[in-house]
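Undergrad: Let the sequences and hints guide you as you build the complete structure.
First to last, the sequence lines map onto chains A and B. Take 3 as the starting number for the first sequence in our numbering and just add one per residue. Take 3 as the starting number for the second sequence in our numbering and just add one per residue.
These are calculated hints, taken from the structure and not from any lab test. If you're wondering where the values come from, they're calculated on a predicted model, not measured in any experiment. Do not take every clue at face value.
No copy is singled out in the list; a pair is fine if it fits within one copy or between any two copies.
What the hints assert, rightly or not - Derived pair list, reagent style DSBU-like, types lysine-lysine, alpha-carbon separation capped at 30 Å: (1) K217 / K255; (2) K255 / K230; (3) K230 / K136; (4) K138 / K171.
2 protein chains.
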Amino acid sequence: MFAMCRSCWVKDALLATMRGVREVVVIVFLAICSMANAIKPCPRATVVRDEVSYCLSWRMSVEANNMAGWRTVPMQCLPYIQGYMIGGQYDRDMAFIADQILSYVKGIVLSDDGMDAWILDVDDTCISNLFYYKGKRFGCDPYDPKGFKAWALKGGCPAISAVLGLFDKLVESGFKVILLTGRDEETLGQVTVDNLHNQGFIGYERLILRRAEHKGQGAIQYKSGIRKQLVEEGYRIWGNVGDQWSDLQGDYKGNRAFKLPNPMYFVP
Amino acid sequence: MFAMCRSCWVKDALLATMRGVREVVVIVFLAICSMANAIKPCPRATVVRDEVSYCLSWRMSVEANNMAGWRTVPMQCLPYIQGYMIGGQYDRDMAFIADQILSYVKGIVLSDDGMDAWILDVDDTCISNLFYYKGKRFGCDPYDPKGFKAWALKGGCPAISAVLGLFDKLVESGFKVILLTGRDEETLGQVTVDNLHNQGFIGYERLILRRAEHKGQGAIQYKSGIRKQLVEEGYRIWGNVGDQWSDLQGDYKGNRAFKLPNPMYFVP
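TA: Right, dumping it as structure tokens:
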């Protein structure tokens, strides 16, 4: 009886342990399946890995400017782009590039004529539209001009901290920081001034917005035209920073251009 | 005795199972630790994750042309770049870009004057130096001109299959494919012709190498000058493909430029 009881207890313990093993195995399986670089025989993991790999190729192609005129993020990349934008890598990429820019800035000797200039784009360069794009499935939904205007009119875009830090250093170092945006001056001028101010972008030289005369111009043409005027005024453009290739292409590009990441939308 | 024996057997089984559980736990721990996106409390995993994250930022910055004149891959990124180059992602990135190029090519209507041209770089565009760079710690070691020349003189660079496929399609479609390389004509001309031929690059219009008159020119100046001559001859440059930004910058850039990945070295 005693032996039986002990045997029963041992048997129960053995069964419990076996259940434990099964649970561990199930947990391991699920854990492996949920990870991107998982082992081959797990079909779900293979799908996840292939998707991550594809979407990484896609994002790299966007950032290297191989994709002309793309309209929306591929639907299969929604989880990847969401993970990228809010999981930390986007912030780390921003901080990395800001560090690269600052080490370039350190090597510049400014003249004392006050004409050493630096150009920054506004949307998703100085201030972020990430909250808005969350509601647009991180760019899987097509561009919605009315929706974006309503969002911008709230004046609540938060500062991108790495760029605010860069902005402060540039102003402090004596650069004339010129903010150059494709936003419409008439409808979004005041709210943009207020938004930049409430987010700490204080001390810039000019904020240049799109006026009636620029209507119908693509971003490259519009921004090249403005940069030409600045150069004709005597400014030396040491750097130009934007999240769109169209911020950085064209004429009078400045001494160095820096492409910030943005896999959510493309501005032609 | 029987009860005892059964109890012993059960006890042995229990102990074996417990050992099994322990092994599973150890395997799970090691598996989690070896994965990049692992959970926080594992210190080794945190290091791996931070390194992967840093090296991904670095690689993205290289491909987006934010890093001017970098000399070597950061030592901490050796495992990451090795994994990228030989683990499949590099090949997938190449195939992805080749697909992008081919969908652009499909939309081009060629004229019948035989002047529709396409420019391809040679090293790490048509043919690969990956075997050589394996021995240079994937770019963690500094550029070694003598070592590279000795490698190139062997004429054994394998074709990059995605680009060979693209090349064949371009030739087949009627483009005049012009191979434009910074390799020295005098010392590497014949071996380059032979290497391209033995790897299946057959049917190109011209292979242009660096001659005495181009000595001392940076890649942007040299390649811009050649493109200028081609345009003056009447060629329309529809596309330009290279693994270096210096293949794609400067003047007469062509209608579209495509940056292939190369995180191993930088050509100024």
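Undergrad: Does each hint fit the structure? Answer for all of them.
TA: Hint by hint, here is what the structure shows:
With identical chains, the CA atoms of K217 and K255 are at most 30 Å apart both within one copy (21 Å) and between copies (27 Å). When the C-alpha separation of K255 and K230 is checked against a cutoff of 30 Å, the pair qualifies both within a copy, at 9 Å, and between copies, at 21 Å. For a Cα distance limit of 30 Å, the shortest separation of K230 from K136 qualifies neither inside one copy, at 36 Å, nor across copies, at 46 Å. In this homomeric assembly, K138 and K171 never come within 30 Å of each other (Cα to Cα): the closest approach is 33 Å inside a single copy and 38 Å across copies.
Violated hints, in rising order: 3, 4; the structure is consistent with all others.
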